[in-house]
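Chains as they are written, first to last, in my numbering: chain A, 1 to 481; chain B, 1 to 101.
To be clear, the hints were calculated from the coordinates, so they are not data collected in a lab. Keep in mind that a hint or two might mislead.
Below, a list of computed lysine-lysine pairs in the DSBU-like style, where the Cα atoms sit at most 35 Å apart [what the hints assert, rightly or not]:
1. B:Lys45 x A:Lys79
2. A:Lys69 x B:Lys98
3. A:Lys212 x B:Lys98
4. B:Lys11 x A:Lys208
5. B:Lys11 x A:Lys79
6. B:Lys45 x A:Lys479
7. B:Lys98 x A:Lys79
To be clear about the criterion: a stretch of chain B counts as covered by chain A if any three or more of its residues have a C-beta under 8 Å from a C-beta of chain A, and this derived list gives those stretches [to be verified]:
8. 24-31
9. 57-70
We put the CB at the ideal spot given by N, CA and C, even for glycine.
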Amino acid sequence: MKYLTTIGLEVHVQLRTQSKMFCGCSSEFGAEPNTHVCPVCLGYPGAMPVMNREAVRKTIITGLMIGSKINEFSKFDRKSYFYPDMPKNYQISQYDKPLCVGGSVDIDVDGGIKRVAVTRIHLEEDVGKNMHFQNTSGVDFNRAGIPLMEIVSEPEISSPEEAFAYLLALKQILLYAGVSDCNLEEGNVRCDVNCSVRQEGQNEFGTKTEIKNLNTFKGVLNALKYEVVRQVETLESGGNICQETRRWDVDTGVTIAMRSKEYAHDYRYFPEPDLVPVVTTREQIEELQSNLPELPRYRRERFVKEYGIPEYDAAVLTADMSVAGYFEQAAKLSSNPKAISNWIMTEMLRLLSEKELDIRTVMITPSALAGLVKLTDDKVINSNSAKEVFAVLFDKGGDPNQIVKEKGLIQVSDSGAIEKFIEQAIADNPKSVADYLSGKEVAAKHILGQVMKLSRGKANPQLVGAILEEKLKVEKQKKNG
Amino acid sequence: MADLKMTSVDKIDVAYVAHLARLFLTDEEIRTFQGQLDHVVAYVKKINELDLKNVEPTSHAVMVQNVFREDVVKPGLSVEQVMSNAPATISDQFQVPKIVE
Ligand SMILES: [Zn+2]
Chain A
1 MKYLTTIGLE VHVQLRTQSK MFCGCSSEFG AEPNTHVCPV CLGYPGAMPV MNREAVRKTI
61 ITGLMIGSKI NEFSKFDRKS YFYPDMPKNY QISQYDKPLC VGGSVDIDVD GGIKRVAVTR
121 IHLEEDVGKN MHFQNTSGVD FNRAGIPLME IVSEPEISSP EEAFAYLLAL KQILLYAGVS
181 DCNLEEGNVR CDVNCSVRQE GQNEFGTKTE IKNLNTFKGV LNALKYEVVR QVETLESGGN
241 ICQETRRWDV DTGVTIAMRS KEYAHDYRYF PEPDLVPVVT TREQIEELQS NLPELPRYRR
301 ERFVKEYGIP EYDAAVLTAD MSVAGYFEQA AKLSSNPKAI SNWIMTEMLR LLSEKELDIR
361 TVMITPSALA GLVKLTDDKV INSNSAKEVF AVLFDKGGDP NQIVKEKGLI QVSDSGAIEK
421 FIEQAIADNP KSVADYLSGK EVAAKHILGQ VMKLSRGKAN PQLVGAILEE KLKVEKQKKN
481 G
Chain B
1 MADLKMTSVD KIDVAYVAHL ARLFLTDEEI RTFQGQLDHV VAYVKKINEL DLKNVEPTSH
61 AVMVQNVFRE DVVKPGLSVE QVMSNAPATI SDQFQVPKIV E
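If we strip away everything but chain A, and leave its shape as in the complex, we get:
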């Protein structure tokens, strides 16, 4: 029997702000327990929350990036439940008037594009963090009150791999929008997933389960892979799926039903009386819209069209917004964008990762890279020398023309000089010449290497190749005499 899978994702994203959502406590990660707390985020009676303007702005920007409709009237609501990490016994969230409604995220699926619809984006406050000790647990409220954006997808994702692709695409958009650091190690992005299976041909969805609090994308992928198989096997063996909340156990690689919380889903939302509504005017929305960064996908397509680089290059370059920006600056100054792309994709990214550097602070400027490409294209230097110049530029910066002059790397294209090098190489390597004459074509390569060595790498390799071929032809004639 063939089964269809239906997946919906709720992605919680910590916004990049200095302070918390409703108070001035720092939202910095990794502080000592309970050092970033105040009467508001500890839920003291009488303490009044005040909305962080930046958090609201960044949520709206996210909505605009994915094509959401921005609610001109939005409000906050109380979501009531009891849990030790919740200081107030309610969480300030948004119920029926979220900041953003609708929108979509495009993902790559089997060489095509699939558009996954987004239901809504709302803003809420994060909860505290539990630490487990031998016989008790401890609660640290530093995280309580940090602005958290919840992005809810429609149940339109049809495989664990699609869910993974959705998360990657979403993360890229959030990074481009500059709304979150998306640092997974610091728990910036956490997912709840809904998953059900049904037999092909059956119209209504199967019973779904929810897997909560997955904090890596790999975790989402693996948990879903496991859960789909578990559900299919349960149905195949005549069992039923229970609507329940499960958790993913990384160590054993299985999902486990959580102790079902009684009435867990009766949150009794009602409007937060301590906060006033958020009203965003058409003008404000248009202003934000006109200053939006380009979507990664559009940028990728534009790079292919505008700079004539292959699809693959464009995907690599746009994976990181700063790398894409660097490429574009250099490409604008060059008549050979493909060469710029090659340098970035090979030497640049390799050196950046080796030396753990950020492209935003590298010594080699985009214009220096463009200059280096021009020196190579104009055959002023050969490709060996170009690598040497790149290394200098990467370490110290500067002007490539200057470096070429200082290091005396200007390519020797004077055939008289090259001929001399060749004659010497032939005289010094009688064995290679003999090998070549006896039919070992590769021996010519060795002689060419010797010529380059004699020229200290500066000879024009194409010219060397051509002249050497002539010379060897002469030697052959001599031999066959």
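Got chain A sorted already, so can you dock chain B with the ligand onto it with the hints?
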């Protein structure tokens, strides 16, 4: 997201709501509150006599909107102050019964 249970029914289920709020009521208290709350609901329901088809539900009684603070860090409480309110602490954290998921 579940709808408000009370919106669809005429009567408030006091025992249920008390359980959600972790209130422990005696049967007599439940009967007392049931009677009182039924009165309140009946009173509020008078509003249904009006035609409210085109009226948006009121979420806030005041006309103020957009009260924001700038995203600026301000000092909070010291950890000593915070912990002085905790019934029990462990490693500068609020100690609670072991949480089992
Ligand atoms: Zn605070």
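Okay, the hints, checked on the actual structure:
no.	hint	in the structure
1	B:Lys45 x A:Lys79	24 Å, holds
2	A:Lys69 x B:Lys98	43 Å, violated
3	A:Lys212 x B:Lys98	19 Å, holds
4	B:Lys11 x A:Lys208	31 Å, holds
5	B:Lys11 x A:Lys79	22 Å, holds
6	B:Lys45 x A:Lys479	115 Å, violated
7	B:Lys98 x A:Lys79	24 Å, holds
8	24-31	violated (count 0)
9	57-70	holds (count 10)
Checked against the numbered hints above, the structure breaks hints 2, 6 and 8 and satisfies the rest.
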